[in-house]
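Chemist: Spelled out, the chains give:
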Amino acid sequence: ADGTRLNVRAYLEPDDYDPLDASGFLEELLYGCIYRKLIQYVPGDEWAWQNDLAESIEQTSPTTIAFTLKQGQMWSDGYGEITAEDVKFSMDRHMVEENNSRIKPDLGTFTHVEVTGSHSGIIHMERPFAPIWTIALPYLAGTVICKQATEEAGGKITTAVPPTVSGPYRVREHRLGERWVLDRNPEFSGEPADFERVDLIVIVDEAAAEIAKEAGDVDFTAIGPASVQRLGDNPPAGTQLKVHPALFYHWVGLNVQNPKFEDIRVRQAIMHAIDVPSIMQAAFFDVAEPATGIIAPGLIGHRPETLIPPQADFARARELLDEAGIDRLDINIDVLNNVTHTTVAQVMQAMMAQAGIDLNISVHEGGSFWSLGVAADGDRWQDLELTLKRFSMTPDPYYATAWFVSEQIGDWNWEQFSSEEFDQLHDEALSETDPARRDEMYRRMQDLMEESGGYRFLTHGVTANLFADSIVPATRPDGLPLVQHFRRA
Amino acid sequence: MTAFRHTLTGRLLADPLAVVAMLIIAGMVMVALLADVISPHDYSAMNLVDRFSPPSATYWLGTDNLGRDTFSRLAQGSRIALYVALTAVTISGAIGLVLGMIAGFGPRWLDNSLLFIFDTARAYPTIILALALAALLPRGLSTVVIVVVITSFSEYGRVVRTQTLSLKNAEFILAERAMGASFGRIVFHHILPNVLGPFFILAAMNLPVVITIEAGMSFLGIGVPPGTPSWGATLKDGFDYIRTTPWIILAGGLPLILVTLGFTFLGEALRDQLDPKLRKGR
Amino acid sequence: MSAPILSLRNLRVDFPAVHGWRALLTPRDKRHVRAIDDVSIDIMPGETLAIVGESGSGKTTLARAVNGLVPLVAGEVWFDGMALHDRPDWHSVRQRVAMMFQDPVGSLSPRKTVRDLVLEPFAIHGSKPARPEDKAVALLAAAGLGSDFLNRYPHQLSGGQARRVGVARALALTPALVLADEPTAGLDVSVQGEILNLLNRIKADHGLTTLIITHNLNILRHIADRIAVMYLGRIVEIGPVERLLSAPTHPYTRALMAANPEPDPTARRERLVLKGETPALTARPAGCEFHPRCPVARPDCATRVPVLAPSPNGGAVSCHYPLTEDIDQS
Amino acid sequence: MLQYTLQRIALALGIVFVAISILYTVMITLPGDPTTVLLGPRATPELRAAFRANLGLDNPVHVQIAQFWGRIASGDLGTDYNRNRPVAEAVFSALPHTMALVFGAIVWSAVLGIMLGAFSADNRNSWIDRVTAVLSVGFLAAPSFVVALYSLLLFSVTLRWFPTIGAGEPGDILNRLYHLALPSFAIGLAWVGYVARIVRAAMLETLGENYIRTARAFGLPRRTVIYNYALRVAILPAVQVLGVGIGGLLSSAVFAEIVFSRPGIGSLIYDSVSGRNYPVVMGSMLVAIGFFVTCALIADLVNAALDPRHRTRS
Amino acid sequence: MTDTLSVERLSVHYDTREGVLRALREVSLAVPAGQIVGVVGESGCGKSTLINALLQLLPENARIADGAIRLNGEDLVGASSRRLRDLRGREISVVFQDPMTSLNPVLSIGRQMRDIQYRDPVSRAEKNRRSAAMLARVGIPDPVAKLDVYAHELSGGMRQRVAIAMAALMKPKVLIADEPTTALDATLEVQIIELLQDLQREIGCSILFISHHLGVIAELCHRVVVMYAGEAVEEGPVEEVFLRPAHPYTARLIECDPGRLKQKVAQLPSIAGSLPDLTNPPTGCIFRARCDHATAACAQKPPRVELDNGHWAACHHAREVQI
Ligand SMILES: Nc1ncnc2c1ncn2[C@@H]1O[C@H](COP(=O)(O)OP(=O)(O)OP(=O)(O)O)[C@@H](O)[C@H]1O
Ligand SMILES: Nc1ncnc2c1ncn2[C@@H]1O[C@H](COP(=O)(O)OP(=O)(O)OP(=O)(O)O)[C@@H](O)[C@H]1O
Ligand SMILES: [Mg+2]
Ligand SMILES: [Mg+2]
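If you read the sequences in order, they're chains A, B, C, D and E. To convert, note that position 5 of the first sequence is 5 in our numbering; the numbers rise steadily by one, no gaps. To convert, note that position 69 of the second sequence is 69 in our numbering; the numbers rise steadily by one, no gaps. To convert, note that position 36 of the third sequence is 36 in our numbering; the numbers rise steadily by one, no gaps. To convert, note that position 77 of the fourth sequence is 77 in our numbering; the numbers rise steadily by one, no gaps. To convert, note that position 55 of the fifth sequence is 55 in our numbering; the numbers rise steadily by one, no gaps.
Only chain A is shown next, with the shape it has when bound in the complex (with noise of 0.2 angstroms):
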């Protein structure tokens, strides 16, 4: 906080320096500041991506993508200039059985790269893969580590020493279950960094990150939704706030193959007894907007409205059931542990009775909620009937509708939804590159999964951080930080 040095809060620990071994945002969070890759997100409020190691980069076919590396671009600790060598090891590792890659699928199509020159190389897909562009190179997939450094160490970055690196920073320590200290790298080929050193502090509970932003040991974090409007309305000395709206999806997700549901005017019914307007005010405070779908606005496929409006209407769900012949239906919910969605629950429990519906809620810890759909865990799964969930998403639609196909039935489509027309595609609209003919796919298939009732849509959130004024943040569009960009005020 004293100009040169920079304290950002994670909300989990980023707890590798492999991205062999990465599972999300908050890898992603360090190795932006430690490693580059071809090409990157652009801060700002629209997704878009620009240039980073790559000097030019383009696609020479529906399958191919030439690029061409900047010359110069240093690794760390004396270990050269990096090639598209390194760019080939780096994105064929993750296609190795044996390396049990985490992120494998990111990488949708991709084969393999082919190297054409010391500085130029090929990258290859089976077939066209749009979502190449917005996911597999600029995030976790698209991470460039050095070849030689990791094979000397036997094929795997290991925690035992700090990696070679070629961000803006490098590792200084690791402090288990605490933070990671990371300093300026000097040998940084680009611009060098504003700050002498970088601590990404794991802070789990919201209400402590603000405590701790507010006593100055923080200089940015995400708050929760319960305070926006207090430090929006009047913020602390030295403090900003700043709203974004969140790519995550909400939603409150029915079983449709549970023999209770069968009748789909009982599951209609059920959707129109949710009134998400009392949901975004009790539980999200009035901050965020209701959600048309699981794909957020901005992004190709976002729907400009539900079929089912968000205010419910009781007396329509009323009539339904008793078309349906039911008189009082008893529900259950399964919801994770936490404030937001508890809240959730109570508030459609509260507003369900009106229609004649008893919600009963069962709360889970992460362990067993997760595992709730799984069909490797038991016959929980079957017995599902609603639950509500939150999953995150990255700026492709693809990377949304993945979890619906008929496949995931038993891993993430927990609603046993199961569509021919829907399969068919989420499969097409993957090698799709006209982007209105991809916008047009993705909102039809949202439509067949709000016609099925089983998906009431919630929102998409919002991301808002509070930081000091003495750094300008750089985030992505949905408010995550890129702490590589991070600036002095």
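Read the hints as simulated data drawn from the structure, not as lab findings. Just so you know, even glycine gets a beta-carbon here, dropped at the ideal spot from N, CA and C. Possibly wrong hints are sitting among the right ones.
[To be verified] Per the computed footprint, the stretches of chain E lying under chain C, defined by three or more beta-carbons under 8 angstroms from a beta-carbon of chain C, are:
| id | segment |
| --- | --- |
| 1 | 9 to 21 |
| 2 | 47 to 59 |
| 3 | 156 to 162 |
| 4 | 201 to 214 |
| 5 | 232 to 242 |
| 6 | 254 to 261 |
[Said to hold, decoys possible] Only pairs whose alpha carbons sit at most 30 angstroms apart, straight line, appear in this in silico DSSO-like list of lysine-lysine:
| id | chain 1 | residue 1 | chain 2 | residue 2 |
| --- | --- | --- | --- | --- |
| 7 | B | Lys168 | C | Lys128 |
| 8 | C | Lys128 | C | Lys112 |
| 9 | C | Lys203 | C | Lys30 |
| 10 | C | Lys135 | C | Lys30 |
| 11 | A | Lys147 | A | Lys242 |
| 12 | C | Lys112 | C | Lys135 |
| 13 | E | Lys127 | C | Lys275 |
| 14 | B | Lys168 | C | Lys275 |
| 15 | A | Lys156 | A | Lys70 |
| 16 | E | Lys301 | C | Lys275 |
| 17 | C | Lys112 | C | Lys203 |
| 18 | C | Lys275 | E | Lys171 |
| 19 | E | Lys171 | E | Lys127 |
| 20 | C | Lys203 | E | Lys127 |
| 21 | B | Lys168 | C | Lys30 |
| 22 | A | Lys156 | A | Lys260 |
| 23 | A | Lys156 | A | Lys242 |
| 24 | A | Lys242 | A | Lys260 |
| 25 | C | Lys128 | C | Lys203 |
| 26 | E | Lys171 | C | Lys203 |
Given the coordinates of chain A, work out where chains B, C, D and E with the ligands should sit on it, guided by the hints.
Modeler: Relative to the frame of chain A, chains B, C, D and E with the ligands by itself:
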């Protein structure tokens, strides 16, 4: 027996702290019994317009994030607190009593094994055990009760065992044996009545601890189901919204502190009065 | 001569010296202390035998062993033809063998009233008297307590009063044998007299046999027929009361008798003063166990173990060199 | 003394063994497949299968337990497949923080609790005694997360005396203590109350003992009598309680570690239980329970050392 | 003859649940310099209360209702606690009733003995030397090693000796011993009595010796005070009191002692009746209800009848009884 009771109550009434303690406990029992009558609002009624209201004439202790009346919730919560505390303490006490007596009376190997079990049960940190069990069991009051029972029966067991052991070799037990008294008679007529004193003291002192454990579990999101008006849930809400509405946590803490004061002082007063060593004065 | 009513043969009682797993680490012979070692006594019907000895010499243990309250390691106990060492029906034995405990208040169940306490033997033996209230009053009266005590709890009694309740209870079922463990300890001389008178009376009326343990040497001659002197868990001398008081032959008996101060300020007497203190049970001296403290010990006392043999005063003594002269009384 | 020590150690080992084995069984039978949680949404079913095999999750429970103890016996706490590092690394980097926290809390509760307790016993039945009583029982009632939060708001945000997060700079003892002060206070406070009550009761009992009267009969200064002759005996039950209290403190440590964002066993267990990260759960539980049992053991031994009546001279 | 310690009309009350218990009522007695004075009486007659009052160490529920306690002429009743602390241990010292519990269990014997000398500005080594010397004096073998020992490691007799050594350590003017031998065997009892006699001769202090064992008093003391139910009923030289008791209670007490009866008797003597209720003591002579000599006059408070040799008795019929 009547003479003894009479003097015990009399003696308790002479101790100002004990009187305060009994008043608090009586007050809490009244509130629990009359929760529906004295609550100005329906404890579960949401009123989003009035949420986060500060204490006022309408909402004596303010409202929470869903606009529910905190006072009514706390009043209702006293039932839960009493229910959880009493069930948990009764069950763990009963288990502890039986095992403790068996350990005290049994052969050495049995005593050693039971002691070992007590020590093992004691080795689990409560909250950490709660975490593990919360994953196994459905959420609810019964889980809280089970956690408390598992972690605290050993305490009763130890106390009862120690007590039984010392009684077992007491002269008056030998005297009973010398007269030919049967085992059952010795246990039920002579040991049990003497074990119950320290046992009840411990139970009184443990009641508020149970309520605190419930609060801690609610904080970690493994306590009672959402919507349940337990004190712990109110504290947890207060914690989440402390920057917006600092009074929720204070309101939630108040009954907890009162009850702890009540039961602890009652327990201590009982101990002072029942323990002949302390009673003697110096 | 009739057969003894109580007969102890080579009695041994051990107590664990170490507990728990520690015992496993201890050599077998160090795991126990021997509290009673090879004690044999016969008591005739109607006789009163007094046991005296230092604190910790095993008097209480001996009484408890007779009544099965501590397990025997070896030896036999015969009571009225029954083998008490061989799993007898204790319930019925204890109906006839009563015990009075050393600690008067501690031996009364603290949450029972005096009424319950004196009626306890009837409750135990299922012989509820027709009119329990009258029975309780009568028993208390015999022990010198008024009916106003019926509703008191033990902690509301003085030591003397509690002792009387113990006596009333012990005599409730008119036993054949009473084991009285220091029935007068801690009592005022006056109360002490009353209790002993009561015992003597019942003895006369019912032909009671008594084993009485006492520290109080002054009362011996008034209540006992014979005296046994214990030292470190063994009987070192036994004999008729008058002879033992006037002509003790074991040096320890003599020291004990002489140590009893006279309430007569003009009497000044020669004392046999003992050196040191009683050794611990874990460190029994070799040879004659009394030799380290014995004023008349000779070298061979440290090696030779004495056995109980007839003594000049008509009893038996366990000493290589028993004293012969009478205590000079003038 | 040596025998006593050995005996207690054997007992402690036995307790750890049984406690952990039971826990392991419970963990394994918990619903919730570790691989789904561990590997994140993008993991393929094949990868998950490989993982299950790797974790040995396909074996029967008793085999898994046997394998677990086999590894432990060879000094290996297992591998955290999630992070590709030895469990020992996570556990042993967390342990010192929790130890510091717990010991810090013990120092607070011992120092403040014994002072308060002795003081109120000394002023028995005065208004000071009553105030102390209400205060200490009030401490007892305050859940540690509430205390943690309030002390954070008061001392860190408003007064800015203490830092809000973290465990401090490695190697800089003063800085570490500075970071430790508030969290350990927060979880120690309840114990301050508890210890105060215990010490007070023990003091009152002790002050009635004959040897205290003897000391006073020899005209020893009041301070010596109370704080030396009486307190020395009266702290013995408190030492015992504190040793066992480590269990309770470990529980509170979970809260303090969350609120103060400190690394430690508590938060490690919390995270790894919800993440079904079995190797880490087992490793850290082993260490936590081992730690607890060791502390109870130390308390016993300290008690034996403080109380000459426990010592046996042969 | 000067009195080192004198008690004048001392009354002590205990507040109990049943009411005010008058444990001591107008007790007077004197301890002349260099003499051993015994106090004898039945259990519960107020002997320990008297000791505690002398040391001003009464329990909280007790208060001195009236009277004076003079140590070398200075009244201890109402003296400042500073002054009292100053006197305790140095001028007046005590061996308590129960040796088993009057030593601190967690401090070594040496430490406790050093602490007693806290007023002396001498080195620690010197204090230890003095302690060891005193232990040796009371007949404890290997005294230097015993300084490091804790109370529980000693036998009862040893503990009693240590307690006596501690009391004698500062060479007090008055040494009080409250039934120091009741917990011990007869053989040990005589050892202790002889030790006290020796010590008294050596230090030249006065000893106030409490016991209910008439034989011990007779053998050890120069003078004796007889107490009954909270009152001193008779005082005088031991020979006088024991051979020619003037108070009926004393007379009965001595008669009841079986130690006197050298021939077997069928019926042991006892005093009929029981102790009066001290929360509501009868007016007049306290022993009246149990006394053979009681007359109508005894309803009045008995006078203190002076006989020869400083022998007195609180009885209307003192002279008749004595004859
Ligand atoms: N339960 C026991 N466990 C171990 N040792 C015991 C036990 N009971 C008695 N002893 C030991 O046995 C020995 C004899 O004890 P006992 O009580 O019989 O002596 P006593 O002669 O009755 O003494 P006192 O006169 O003090 O009553 C003592 O050394 C005592 O410490
Ligand atoms: N703290 C107290 N509170 C109330 N009454 C007490 C207290 N201490 C003693 N007494 C009563 O005062 C009377 C005198 O007791 P004290 O202890 O002085 O007798 P004692 O002569 O020393 O008896 P003993 O020979 O048994 O030691 C007794 O009736 C006793 O019950
Ligand atoms: Mg005995
Ligand atoms: Mg006394």
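Chemist: Under the criterion that the straight-line Cα-Cα distance not exceed 30 angstroms, is the pair Lys168 (chain B), Lys128 (chain C) satisfied?
Modeler: holds (26 angstroms)
Chemist: For the pair supplied as a hint, Lys128 (chain C) and Lys203 (chain C), is the alpha-carbon distance within the 30 angstroms limit?
Modeler: Judged against 30 angstroms, a Cα distance of about 24 angstroms means the pair holds.
Chemist: When you check the alpha-carbon spacing of Lys168 (chain B) and Lys30 (chain C), does it fall within 30 angstroms?
Modeler: Holds. Lys168 (chain B) to Lys30 (chain C) sits at ~26 angstroms (cutoff 30 angstroms).
Chemist: Establish whether the coverage given for the segment 156 to 162 of chain E by chain C is satisfied; the threshold is a Cβ-Cβ distance below 8 angstroms, and no fewer than three residues must meet it.
Modeler: Coverage by chain C holds here, the residue count being 3 at a Cβ distance below 8 angstroms.
Chemist: For Lys127 (chain E) and Lys275 (chain C), compute the direct alpha-carbon distance and say whether it is at most 30 angstroms.
Modeler: The hint holds at about 29 angstroms.
Chemist: Holds or violated: are the alpha carbons of Lys168 (chain B) and Lys275 (chain C) at most 30 angstroms from each other?
Modeler: With a Cα-Cα distance of about 38 angstroms, the restraint between Lys168 (chain B) and Lys275 (chain C) is violated, given a limit of 30 angstroms.
Chemist: Assess, step by step, whether the Cα of Lys147 (chain A) is no farther than 30 angstroms from the Cα of Lys242 (chain A), and give holds or violated.
Modeler: violated (40 angstroms)
Chemist: Taking 30 angstroms as the top limit, are the C-alpha atoms of Lys242 (chain A) and Lys260 (chain A) close enough?
Modeler: violated (44 angstroms)
Chemist: Do the alpha carbons of Lys112 (chain C) and Lys203 (chain C) lie within 30 angstroms of each other, as the hint requires?
Modeler: holds (29 angstroms)
Chemist: Can the restraint linking Lys156 (chain A) and Lys70 (chain A) be considered satisfied, given a maximum Cα separation of 30 angstroms?
Modeler: holds (26 angstroms)
Chemist: Between Lys203 (chain C) and Lys127 (chain E), is the straight-line Cα distance small enough, at 30 angstroms or below?
Modeler: violated (60 angstroms)
Chemist: When you check the alpha-carbon spacing of Lys301 (chain E) and Lys275 (chain C), does it fall within 30 angstroms?
Modeler: Violated: Lys301 (chain E) and Lys275 (chain C) sit about 51 angstroms apart, past 30 angstroms.
Checked against the numbered hints listed earlier, the structure breaks hints 1, 2, 9, 10, 11, 14, 16, 20, 22, 23, 24, 26; every other hint is satisfied.
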